[in-house]
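Chemist: Residues per chain, in single letters:
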Amino acid sequence: MARMSVSGFYAYYSENPALRNISLEIPDRQVLALIGPSGCGKTTFLRSLNRMNDFVKGFSVKGQVTLDDVDIYSSGLHPVVLRRRVGMVFQKPNPFHKSIFENVAYGLRIQGVRSRLILSDRVEQSLRSAALWDEVKDRLNSSAFSLSGGQQQRLCIARALAVEPEVLLLDEPASALDPISTARIEELIQDLKTQYAIVIVTHNMQQAARVSDRTAFFLTGEMVEIGETSRIFTNPSDERTEDYITGRFG
Amino acid sequence: MQGSPMNGISEGLSPFRRFRNLLLGGLTGLFFFFAVSPLLLIVYVAWNQGRSALNWEFISTLPSGFPLGTEGGILNGIVGSLVLVVIASSLSVPVGIWAGLYLWQDGKSRQAGLVRLLSDLLLGVPSVVWGIVGFYVFSTSTGMGFHWGFSAMAGGLTLGFIMVPIVTRVTEQALRDVPMSFIEGSYALGATRWQTMRSVALPGAMAGIGTGILLGILNVLGQTAPLVFTNYYNTGLPSSLVGSQGAVGDLAMQIFIYVHEPSQLLHVKAMAASLVLLGIVLALDIGIRLMTWGSRKIAGRVG
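Protein sequences, first through last, are from chains A and B.
Residue numbers for the first sequence follow this note's numbering, so the first one is 1 and each next one is one higher.
Residue numbers for the second sequence follow this note's numbering, so the first one is 1001 and each next one is one higher.
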């Protein structure tokens, strides 16, 4: 079942088209990887899925993006509500200058959750899901900045999970991390896809091959090809895809 | 000096580069000295001239004797200055922070540009003009206005107006210095604009805002011209904040008046009062730094 579905989607920065005629489906409990060279529009696309581009002056869209069959741009769905259902993790870990506990609790607090019991329950549950609980359970009150980069990124994932989103958007979540932390994040993605629809932007083709079920290849604002990851990487139907994944450019 | 970084840098360099290194290092030191020398000069002169009058009685009693002030101290000025600063801050801090938040949020809009322009114009209004405006708005007993007479309220609010644009601009800049990634992180979790401002942007900008408030207060502490028409001066303590009993003393005004008196002793006391004013400035600076310690850490200004 498709959690989100995009059809005939265009995005513009002022007059310049950044995305042209994108159509794809984001199924539940699967990982979709977006690959392509820098500037191809994959991050713009990702940020269009939870309307994070709304803050960019001059940004506009055409076409349709739906979440559970509700258009996220033209229906009355408020971006604030949308973002609670479509969570996002950024390229660089960006924990708040708060304690580990308060970082994870933030999304719940802003929804008005006050009960200490519910909060600590959900914080623990989220940290466990993000495979961070065992490392931080004895120091929930220390600053999030006492954690390593890889731990900080898993904290950001836990923070996103705490509000129980349906879709998780990951914007190059491991590009600022060392190989060991990267491996842990990839393992985590495998665990999380049993519960969420996941979209991951990555520059690392091996990573896309390892973690994703389907892969979409973007080039200069267009989606060249989408399909099963195994097929895209072994038998792409478009020559440009083959050139890119074999390292002939990009 | 063995093994110091500067030594390490010069090692193995050609004589020319070694010379240039020394020259630039020396110039840096020289300019640093020029930058701090006014402060050293003030402290030196004030200490030299005023120290003999400085004692507990000086800061804890009201002026007395003839000419007035040759005996007793400057308690009226200390209390008055603090009252004026509190009144000025209670107007300018909320208004300035609110305006700064608006400018940050609405940054590039035409209205924000207009507010910014007006704010800059206000920064450039000479303080004596503020004094006259304050007189017509707060003090005069005829026509429109509040008819508060020469009073702490009239003087304090006039000073508050001078502070508003300072706090506004510094607040806006401090908010801009909060990294965008924190703001986006908050929005991505479904926070509203207001929640993001309150829980992420403002706490991160607190150190900068504290500095802005301090700058405003320091500016106001040294003002005399706006007070001439709105509060003037009181040799005693006020019994109210408005009306004919409402005027307060003021350190800057007191220094100004004492220096004009043909009395060697009052000149000494003016210098001692300057030292007290410097002490208050230093105490405020330390106080605000302590209050915003947490936020200074966020901004990476302290380890």
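To be clear, the hints were calculated from the coordinates, so they are not data collected in a lab.
Honestly, I wouldn't trust all of these hints.
Claimed, not checked - For lysine-lysine, the following DSSO-like pairs were computed, each having C-alpha atoms within a straight-line distance of at most 27 angstroms:
(1) A:K92 x A:K193
(2) A:K98 x A:K62
(3) A:K137 x A:K98
(4) A:K62 x B:K1108
(5) A:K92 x A:K137
(6) B:K1108 x A:K57
Chemist: What hints, given by number in increasing order, does this structure fail?
Modeler: Hint 2 is the one this structure does not satisfy, whereas the remaining hints hold.
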